[in-house]
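Q: Model the full assembly from the supplied sequences, consistent with the hints where possible.
Protein sequences appear in the order of chains A and B. Throughout the first sequence, residue numbering follows the UniProt record's numbering, covering 1 to 458 in sequence. Throughout the second sequence, residue numbering follows the UniProt record's numbering, covering 1 to 458 in sequence.
Rather than coming from a laboratory, the hints here were simulated on the basis of the structure. In this text the structure is predicted, and so the values were computed from the model without any measurement. Keep in mind that the hints are not guaranteed to be accurate.
[What the hints assert, rightly or not] Derived CB-CB ranges, DEER-like:
no.	chain 1	residue 1	chain 2	residue 2	range
1	B	157	A	399	22 to 30 Å
2	A	11	B	131	32 to 40 Å
3	A	13	B	74	25 to 33 Å
4	B	445	A	13	27 to 35 Å
[What the hints assert, rightly or not] No farther apart than 20 Å at their CA atoms in a straight line, the calculated lysine to aspartate or glutamate pairs in the EDC-like style are these:
no.	chain 1	residue 1	chain 2	residue 2
5	A	359	A	445
6	A	5	B	96
7	B	95	A	77
8	B	157	A	98
9	A	129	B	77
10	A	5	B	13
[Said to hold, decoys possible] Reference listing, derived: stretches of chain B covered by chain A, where coverage requires no fewer than 3 residues with Cβ under 8 Å from a Cβ of chain A:
no.	stretch
11	42-55
12	109-122
13	179-190
14	218-226
Glycine included, C-beta positions come from ideal geometry on N, C-alpha and C.
2 protein chains.
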Amino acid sequence: MDKKKIPYKIYLEENEMPAKWYNVRADMKNKPAPLLNPATLKPMTFDELRQVFCDELVQQELDDTTPYFDIPQEIQDFYKMYRPSPLVRAYCLEKELDTPAKIYYKFEGNNTSGSHKLNSAIAQAYYAKKQGLKGVTTETGAGQWGTALSMACSYFKLDCKVFMVKVSYEQKPFRREVMRTYGASVTPSPSETTEVGRRILAAHPGTSGSLGCAISEAVETAMSMDGYRYVLGSVLTQVLLHQSIIGLETKAALDKYDIHPDIIIGCAGGGSNLGGLISPFMGEKLRGEADYRIIAVEPASCPSLTRGRYAYDFCDTGMVCPLAKMYTLGSNFIPSANHAGGLRYHGMSSVVSQLYDDKLLEAISVEQTSVFAAAEQFARVEGILPAPESSHAIRAAIDEALKCKETGEEKTIVFGLTGTGYFDMTAYEKYNNGEMSDYIPTDEELAKEFAKLPKVEA
Amino acid sequence: MDKKKIPYKIYLEENEMPAKWYNVRADMKNKPAPLLNPATLKPMTFDELRQVFCDELVQQELDDTTPYFDIPQEIQDFYKMYRPSPLVRAYCLEKELDTPAKIYYKFEGNNTSGSHKLNSAIAQAYYAKKQGLKGVTTETGAGQWGTALSMACSYFKLDCKVFMVKVSYEQKPFRREVMRTYGASVTPSPSETTEVGRRILAAHPGTSGSLGCAISEAVETAMSMDGYRYVLGSVLTQVLLHQSIIGLETKAALDKYDIHPDIIIGCAGGGSNLGGLISPFMGEKLRGEADYRIIAVEPASCPSLTRGRYAYDFCDTGMVCPLAKMYTLGSNFIPSANHAGGLRYHGMSSVVSQLYDDKLLEAISVEQTSVFAAAEQFARVEGILPAPESSHAIRAAIDEALKCKETGEEKTIVFGLTGTGYFDMTAYEKYNNGEMSDYIPTDEELAKEFAKLPKVEA
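A: Structure follows, in structure tokens:
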């Protein structure tokens, strides 16, 4: 093959596809801090975690030394339904920006779930099936994760119980119906079906719910039913392991054409996409084999990395989950009502948090009107309507490309385009009508939340 | 390459991509009847048609002898953004049905417009740009065509004015917002902005609009504005020419692996997808080189082929368009209110109509609850949430595969999966809730419409 001719889209051949996931923790000198049992403040053991999660997933969660895990053949077979995802050269965007920068994006939206979440959903469903379970429970906010999981469970004929944040359940009925079409049961959270749900409803009548609350309900349901476990779509290190497929494919596609990226950009909510995309590049950086600028982009309205505290915190509102050390805004933090997209979790993956604390990646925050402006500009020339979450990375990529225009540098920029915005048209409508606003939490608001962080010596 | 190993998805290489569209009329012994001027009842001339359509598109419309048209390089370049579309072996569906049949589907939903409509939208936008026009006008019902056209116009920086059937404009705001995000202006039809719109509003105050009415408004607007032309997403023979890319890719992919299909199935509304998908196969059939069963699938609630009259009829409600000879339910026919998806045009492409009249293809009609049952079954195993329109083809493909199960025949079935159902979740919700109903128009209802057909000796 002529190494010089770079196609519009780079697809890997079947025999070039990664057959192993990469566990970046194996190369980290400073390992992410362990999950703690909130009762004893001791690290969670395998036996404790397997009450909540599937056995093999717990092994993956706890293993910070094995660099590669074989991707089971059944999961590789499923990946064939929508992978490899294309690495696209954004020729049209480059032309529109009139920049000397070369821009590539890894597009994860070409599957019915519409996002990268499917990469981990199918893995978690597979291990649940392999363990002989009847089903799984989970939470979902805007619905990307719930959609992906219901699709994966349908494939393996597993029962799927989704607790959907009530405000989304009511205001985003389409995602709910996608999940139901795949056979999942969807319950608005908080609900009367769990103890923690009833407790929250009693304390906050009429509440519209939160991700942290839905997590608590899903965990309680899994633990109280025979043959069920809880699964989570982000934050956990097992999820980042599965999502490493994004980065591994990206790296293989770049290597195929001898392309060396200067900057790698991902949006960051819980960290699943970012952690997956950057993992092999970060591995090289950790091993001293190569250097890259790596940028996490988060919403200014939910700035866990850029303005959060690096501390042990609860993962959920009901405090039924282990404590995790992470950059956090406090487990009761909820983004302002005008916040449109996802990326609204109060904390950040412990892996990403540790890498950030070690200054191995940068973080920036962007305001949502500028994010939608970037989304629109991208859509009009690249022909893909991006999810609001993904558009945070687009914003940062455009800004870096415009800096190159000023300096004349021909930098190579790679960003993760995690999904499509088909189910986010209400937010686009607000933007189209000029009715979208920004909000940046004040220092005082954040300080109030920080004061409630649990007192744990890390 | 090992000819025997058939991958899960067959993608063509860049150098295997078709560089010409195929004009099936060139091989038809009985040519489709010409468009007639409603005032003179004489065939529309080039000069008459170019008042409405772009010059090169009129040439394509009128040319029934040239078998191949070069695809301009600019259009080939745009096609690279989302083509080749995959030809997928439905291994999971075959397993689910436990059928010896081999099922393939050509998936056209992998682009932001979500359907095959983009294939012709980009061509029509290109010719408009080439002619130096300022913009184009069109109508849209559910919104697939309007979405595709607004995306294509955005790419070529053309103005795009869409008249959207009022009921869809109000009830399907998300498609409208996609179009606006791509920079199109979207007007609910009937509107006060056109003479025909004002006339219809005066005659039917409070009407929720129809496709035929929106066509009239779009045509009037194009003809009254300097530098504008009208474009149409289906029915016309030029559209079928552009859509031949679907069939040509399908045939190239099958040939690459020595696969001979027995049955080819497409859903049929105006005929654009069906006509495009079947064209090269029909060509072989017309030239006596091969034989195939070709099946058009239409909704029982809008059965133009299976129950319509083959006659000259108006293409629009306002009667500003030429007359076309086609299988038609009458230009005032509107499907019953419970009809959920597209495929609601009263007539059928004159090419498809003539082929059907010559018994070169079969037609069947299916009821929508059975269509959604097929959609759900397909989604759960194949991981794609299909558009209601596409699901008509799925229904027929499943039924043929189940017949093979009974007879033990290993037939090869190919069907067109024209798009995704992301914007049709209201219909899915109805189905999920058991609230979807069927409706078959009575003979009396159809007879009333037939009585209004214009009296034209063909």
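Q: Looking back at the numbered hints, which does the structure fail to meet, lowest number first?
A: 4, 5, 6, 9, 11, 14
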